[in-house]
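With these hints in hand, go ahead and build the complete structure from the sequences.
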Amino acid sequence: MLSSLTGMLPLVLMFVVLYFVMIRPQMKKQKEHRAMIDALAKGDEVATAGGLLGKVTKLGDVYLSLELAPGVEVQLQRSAIIQVLPKGAIGAAK
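For the sequence shown, the working numbering begins at 3 and goes up steadily by one.
Each hint should be verified, as a subset may be incorrect.
Unchecked claim - Calculated lysine to any residue pairs in the SDA-like style (CA-CA distance at most 25 Å, straight line):
1) 57 to 92
2) 44 to 20
3) 89 to 58
4) 57 to 73
5) 44 to 74
6) 33 to 52
7) 57 to 91
8) 89 to 43
9) 60 to 93
10) 31 to 87
11) 33 to 12
12) 60 to 77
13) 44 to 71
14) 89 to 34
15) 60 to 73
16) 30 to 80
17) 44 to 62
18) 57 to 93
19) 57 to 42
20) 31 to 20
Since the hints were derived computationally from the structure, they do not count as laboratory data. For clarity, every value in this text was computed on a predicted model and none was experimentally measured.
Here it is, written out as structure tokens:
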């Protein structure tokens, strides 16, 4: 009985290490991203997963409108936003 538990100890230890090295940090990143998405407001300057930079003009539960240039708006899923930029960052990037 004791030898079978001792034989399983390395396997259990590997799963514990895997959890703390890979799974937990990923869950933390997802939680931070979700908080950022929930905190989006009209007028925020953002970067998308596709590399687009724009200003949020309308917010919905799932979708938002992003102004890429004067008169050019696209609709995106909120989850496509990867970063909220500092105010004025888009003007400086041009």
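Consistency of the hints with the structure:
1. 57 to 92: holds (8 Å)
2. 44 to 20: violated (40 Å)
3. 89 to 58: holds (12 Å)
4. 57 to 73: holds (12 Å)
5. 44 to 74: holds (16 Å)
6. 33 to 52: It holds: about 21 Å lies between the C-alpha atoms, which stays within 25 Å.
7. 57 to 91: holds (10 Å)
8. 89 to 43: Given that 25 Å is the threshold and the Cα spacing comes to 12 Å, the pair holds.
9. 60 to 93: holds (20 Å)
10. 31 to 87: holds (18 Å)
11. 33 to 12: It is violated: about 31 Å lies between the C-alpha atoms, which goes past 25 Å.
12. 60 to 77: holds (9 Å)
13. 44 to 71: Holds, at roughly 16 Å.
14. 89 to 34: holds (20 Å)
15. 60 to 73: Given that 25 Å is the threshold and the Cα spacing comes to 14 Å, the pair holds.
16. 30 to 80: Roughly 19 Å separates the two Cα atoms, so the pair holds.
17. 44 to 62: holds (11 Å)
18. 57 to 93: holds (11 Å)
19. 57 to 42: Given pair residue 57, residue 42 holds - Cα atoms ~11 Å apart, limit 25 Å.
20. 31 to 20: Distance of about 16 Å is within 25 Å: holds.
Hint compliance for this structure: hints 2, 11 are not met, and every other hint is.
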